[in-house]
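S.K.: Each chain, letter by letter, is given below.
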Amino acid sequence: MPVSCGLCEKRAMLKRPKTGGALCKECFFKVFEAEVHQTITSASLFKRGETVAIAASGGKDSTVLAHLMKLLNERHDYGLTLFLLSVDEGITGYRDDSLETVKRNQQQYELPLKVVSYKELYGWTMDEIVRQIGLKNNCTFCGVFRRQALDRGAMMLRVDKIVTGHNADDVAETVIMNVLRGDIARLQRCTAIVTGTEGAIPRCKPFKYTYEKEIVMYAYFKKLDYFSTECIYSPNAYRGHARTYLKDLESIRSTSIIDIIHSGECMSVSVKKDVKMPTQGTCARCGYISSNELCKACVLLEGLNKGLPKLGIGKPHKARMALGLANTTSTTSGSQRKEGCRSCSCRGRQNAVVNDTPGCKKDNGLSSLSKEDGDPNSTDSSMKKELGSKLSTIGVGGDSVTACSLNGEVQKEPCADTLGVKGQSVLCGKNDENTPCACKKGKDQVVTRTTGDSRAMLDLDF
Amino acid sequence: MECGGQVSEADMLPQRLPTAKKKNCVRCGKAAVLVVQTSAAFCRECFLNYFTHKFRSGLGKTRVVQPGERVLLAFSGGPSSAALLDMVKRGMEEGTQKKRLRIEPGVVFIDEGCIIQGFDVDQRQQALQIVSKIAEDSGFPVYRVMLEDFMSEHSTEADLPVTVSNCAETSQDTTEDVERQVKTLSTDDSSADRLKRLFEQAKSLTAKEDLLQMLRSKLLVKVARMHGYTKVMVGDSGTRLSVRIMADIAQGRGSALPLNTGFADDRHGDVVIVRPMRDFIAKEISMYNTICQLESVFLPTLSTRAAEKASIGHLTEAFISGLQVNFPSTVSTVFRTGAKLCVSQDPENMPEGHERCAMCKAPLDTGQQGPLQSSVYKTSGASEDDNKCVATGPEPSPSLCHGCSLTVADFGDFSALSDQLLHD
Numbered sequence: 001m002p003v004s005c006g007l008c009e010k011r012a013m014l015k016r017p018k019t020g021g022a023l024c025k026e027c028f029f030k031v032f033e034a035e036v037h038q039t040i041t042s043a044s045l046f047k048r049g050e051t052v053a054i055a056a057s058g059g060k061d062s063t064v065l066a067h068l069m070k071l072l073n074e075r076h077d078y079g080l081t082l083f084l085l086s087v088d089e090g091i092t093g094y095r096d097d098s099l100e101t102v103k104r105n106q107q108q109y110e111l112p113l114k115v116v117s118y119k120e121l122y123g124w125t126m127d128e129i130v131r132q133i134g135l136k137n138n139c140t141f142c143g144v145f146r147r148q149a150l151d152r153g154a155m156m157l158r159v160d161k162i163v164t165g166h167n168a169d170d171v172a173e174t175v176i177m178n179v180l181r182g183d184i185a186r187l188q189r190c191t192a193i194v195t196g197t198e199g200a201i202p203r204c205k206p207f208k209y210t211y212e213k214e215i216v217m218y219a220y221f222k223k224l225d226y227f228s229t230e231c232i233y234s235p236n237a238y239r240g241h242a243r244t245y246l247k248d249l250e251s252i253r254s255t256s257i258i259d260i261i262h263s264g265e266c267m268s269v270s271v272k273k274d275v276k277m278p279t280q281g282t283c284a285r286c287g288y289i290s291s292n293e294l295c296k297a298c299v300l301l302e303g304l305n306k307g308l309p310k311l312g313i314g315k316p317h318k319a320r321m322a323l324g325l326a327n328t329t330s331t332t333s334g335s336q337r338k339e340g341c342r343s344c345s346c347r348g349r350q351n352a353v354v355n356d357t358p359g360c361k362k363d364n365g366l367s368s369l370s371k372e373d374g375d376p377n378s379t380d381s382s383m384k385k386e387l388g389s390k391l392s393t394i395g396v397g398g399d400s401v402t403a404c405s406l407n408g409e410v411q412k413e414p415c416a417d418t419l420g421v422k423g424q425s426v427l428c429g430k431n432d433e434n435t436p437c438a439c440k441k442g443k444d445q446v447v448t449r450t451t452g453d454s455r456a457m458l459d460l461d462f
Numbered sequence: 001m002e003c004g005g006q007v008s009e010a011d012m013l014p015q016r017l018p019t020a021k022k023k024n025c026v027r028c029g030k031a032a033v034l035v036v037q038t039s040a041a042f043c044r045e046c047f048l049n050y051f052t053h054k055f056r057s058g059l060g061k062t063r064v065v066q067p068g069e070r071v072l073l074a075f076s077g078g079p080s081s082a083a084l085l086d087m088v089k090r091g092m093e094e095g096t097q098k099k100r101l102r103i104e105p106g107v108v109f110i111d112e113g114c115i116i117q118g119f120d121v122d123q124r125q126q127a128l129q130i131v132s133k134i135a136e137d138s139g140f141p142v143y144r145v146m147l148e149d150f151m152s153e154h155s156t157e158a159d160l161p162v163t164v165s166n167c168a169e170t171s172q173d174t175t176e177d178v179e180r181q182v183k184t185l186s187t188d189d190s191s192a193d194r195l196k197r198l199f200e201q202a203k204s205l206t207a208k209e210d211l212l213q214m215l216r217s218k219l220l221v222k223v224a225r226m227h228g229y230t231k232v233m234v235g236d237s238g239t240r241l242s243v244r245i246m247a248d249i250a251q252g253r254g255s256a257l258p259l260n261t262g263f264a265d266d267r268h269g270d271v272v273i274v275r276p277m278r279d280f281i282a283k284e285i286s287m288y289n290t291i292c293q294l295e296s297v298f299l300p301t302l303s304t305r306a307a308e309k310a311s312i313g314h315l316t317e318a319f320i321s322g323l324q325v326n327f328p329s330t331v332s333t334v335f336r337t338g339a340k341l342c343v344s345q346d347p348e349n350m351p352e353g354h355e356r357c358a359m360c361k362a363p364l365d366t367g368q369q370g371p372l373q374s375s376v377y378k379t380s381g382a383s384e385d386d387n388k389c390v391a392t393g394p395e396p397s398p399s400l401c402h403g404c405s406l407t408v409a410d411f412g413d414f415s416a417l418s419d420q421l422l423h424d
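Chain order of the listed sequences is A and B.
At position 208 of the first sequence (counting the first as 1) the number is 208 in the UniProt record's numbering, and the numbers step up by one without a gap.
At position 93 of the second sequence (counting the first as 1) the number is 93 in the UniProt record's numbering, and the numbers step up by one without a gap.
Some hints here could point you the wrong way.
[Unchecked claim] Derived Cβ-Cβ restraints for the label pairs, each shown as a range: (1) F327(B) with G143(A): 15 to 23 Å; (2) Q126(B) with R189(A): 51 to 59 Å; (3) S321(B) with E230(A): 51 to 59 Å; (4) K273(A) with K98(B): 51 to 59 Å.
[To be verified] Covered stretches of chain A, as calculated for chain B (at least 3 residues, CB under 8 Å): (5) 167–180; (6) 241–251.
Hints were generated in silico from the structure; no laboratory data involved.
Positions of the beta carbon are idealized from the N, C-alpha and C atoms, including for glycine.
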């Protein structure tokens with residue numbers, strides 16, 4: 001006997017994973033859209049007239065999110081201006097394909113699209129990073145970099161908010177992960193529907209209470225065009241254990257996912273007062289929000305560029321030691337240079353300061369910058385490679401020599417440690433002290449970093 | 001019954017000797033006999049000292065148990081509570097007057113056999129005898145309680161349930177005592193039948209286990225009250241508690257988690273449940289039991305021989321112990337995460353009494369205060385035009401916490417138990 005829909009008289013097409021109720025296709029759409037709308041309104045995620053970037057990966061969550069944001073924006077007249085924002089991690093066979101999907105979505109939903117790539121922001125693609133670090137821990141890089149990349153992209157678009165496709169399963173999984181990691185600060189933050197309100201661009205999760213399974217169903221029945229391949233680098237991630245556990249829990253009790261989120265919300269208000277919490281500040285180098293002196297992205301990047309890819313992974317004090325943050329004995333930039341260039345191809349070069357591991361093909365962006373200054377159209381293949389890495393390597397400790405030639409301010413204060421110069425002074429190539437470097441101000445950050453490199457600026461679409 | 005740690009000598013020697021030879025005790029430098037966690041190897045004496053010191057310092061630091069206090073030791077027969085019993089016994093005997101543990105202990109054992117399927121009377125009787133023997137060897141007064149006593153009509157504190165008052169405080173003629181108990185139970189005990197029926201009607205093993213846990217601690221508190229004890233010590237190990245932390249989260253009990261897994265649980269008011277074994281992982285406890293040759297009994301539980309995904313608790317146990325194999329710090333990390341939480345004390349949100357869950361007595365978490373959006377969402381979602389499909393889940397009762405309302409929903413008709421459970 002056919003089961004009829006719980007809301008209308010029609011024949012039911014599906015069983016809702018969240019409640020177990022039988023529904024027809026149309027009623028499911030209605031309920032699904034109503035729930036997301038309710039999440040948005042009850043948490044008052046948006047104000048009229050705001051510009052919102054939809055973080056789009058091409059996967060099911062972000063495709064449904066883009067579809068729904070456009071739909072609800074029109075239906076309920078939120079009065080929002082929407083953008084699609086994608087991050088290109090540089091994973092061949094995965095992201096290049098999914099970006100194609102995003103580009104198709106752009107056509108379908110008629111939303112402007114902006115793509116920022118790891119290569120242009122950090123000088124490394126994930127493919128290159130995985131070649132360095134291997135399949136273990138590579139998700140740490142990808143996750144940390146993406147977080148910042150999204151923010152940078154959003155700054156370029158000058159949006160007020162970012163919406164991400166994090167669904168209830170993701171939030172619940174993060175709660176479990178943070179308990180397993182003992183990360184009480186993140187445990188407190190992770191269940192919030194809006195994060196990063198102070199300083200950074202706020203991020204919202206309109207799908208916070210939406211089950212992954214229902215998103216898939218919605219995309220399937222709506223015949224949305226999405227990309228559904230697992231990342232080729234993810235299988236070794238520790239997160240997989242938490243994911244399996246969560247799926248098993250869901251099979252035992254379907255409300256488990258919401259229950260975990262509920263627990264997470266309860267726990268976020270019941271942290272003991274005497275528990276030491278990291279204080280949030282800004283990264284000394286890039287100005288991004290960070291609970292340490294340097295943000296994780298800068299530490300990881302430094303590790304990559306110095307050929308110590310494991311630097312940011314594991315014990316934080318080890319990373320600090322390696323970065324020389326704990327070490328206050330002053331090293332002159334000269335000795336730095338010696339240390340820096342023991343074995344790479346840049347040894348002979350005057351300006352080369354930071355080196356990579358033996359065998360690392362990458363070069364210092366800055367060294368080439370000064371070498372080939374004023375010739376952005378150079379066809380030199382190595383130059384092409386270096387262009388991208390410029391952004392990242394500017395500000396890296398040993399660069400002080402090169403940077404100093406550009407920046408008078410830096411020369412005044414001798415680098416006390418390997419870090420050498422503070423990020424902002426290096427970032428802006430202009431040595432005029434009277435015009436403060438704009439890179440501290442956030443929105444113009446990326447542009448100012450690329451001083452002297454017209455091509456990179458072009459890429460950044462400013 | 002021998003505990004599982006006994007391996008024949010021939011099996012042990014080839015593997016054990018090389019490590020034992022290499023490592024020395026980290027304290028005294030003598031040859032080590034065991035490795036506790038990752039690196040610390042101990043000789044026998046130093047391990048015992050370490051264990052005792054950890055136990056005593058845990059009690060000392062928290063200052064929950066006062067000198068001279070009457071303390072009821074919950075003894076399940078398992079390794080952890082056997083170690084607890086032994087620690088208290090030794091603490092009261094050894095050392096100088098000053099160092100001695102000054103409490104007045106009693107031992108309580110709850111027989112949960114009636115709700116376990118396939119645990120026949122003979123086996124149960126056998127197990128009970130061993131448990132009683134171990135308990136009585138301590139020399140403390142022993143109370144034996146049946147889980148179904150909870151269902152008895154005389155649930156007010158003045159009226160002592162029959163089985164408790166009969167068997168209490170005499171450490172002689174135990175065997176007959178137990179036999180009589182089991183027999184009465186198997187013939188015509190209506191409260192046992194009712195309890196059995198209640199557990200049978202539950203839709204999920206998760207709910208059964210949840211209810212059992214609740215009944216157990218309520219019964220412990222009840223017995224303690226009846227005999228004038230102000231503290232109940234339970235043998236929950238760190239391993240057990242970290243599983244509990246995870247399982248509580250998975251069951252929406254995040255707000256009650258600090259009570260369920262902290263050192264002291266004071267939600268019952270006058271009787272406080274204390275967990276002095278929480279600083280030990282299961283491995284340490286089994287090593288202690290092996291070294292001291294302590295006996296423990298294996299008693300089947302609700303999830304014994306069940307599939308891994310039979311219940312949330314069972315799955316969580318498999319998950320945590322599975323992770324522990326590859327990531328040895330899992331248990332301690334989860335445990336420490338839980339230790340950083342406390343019951344949120346917002347004076348506005350909980351004035352007195354009625355702001356607690358009627359069932360588990362934990363502070364209510366379903367209020368309309370800001371951060372608890374998921375529960376707000378659950379109820380208000382029903383007011384939309386789609387109410388039929390949004391609200392098929394449990395209708396959150398105002399006096400039940402999120403976790404308890406889930407359990408109640410799985411029990412369907414809860415009237416059988418509600419009187420005893422809700423009004424004590």
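S.K.: So, for every hint listed, does it hold in this structure?
M.R.: Hint check results:
no.	hint	result
1	F327(B) with G143(A): 15 to 23 Å	holds (19 Å)
2	Q126(B) with R189(A): 51 to 59 Å	holds (53 Å)
3	S321(B) with E230(A): 51 to 59 Å	violated (27 Å)
4	K273(A) with K98(B): 51 to 59 Å	violated (35 Å)
5	167–180	holds (count 5)
6	241–251	holds (count 5)
Hint violations for this structure: numbers 3, 4, all remaining hints satisfied.
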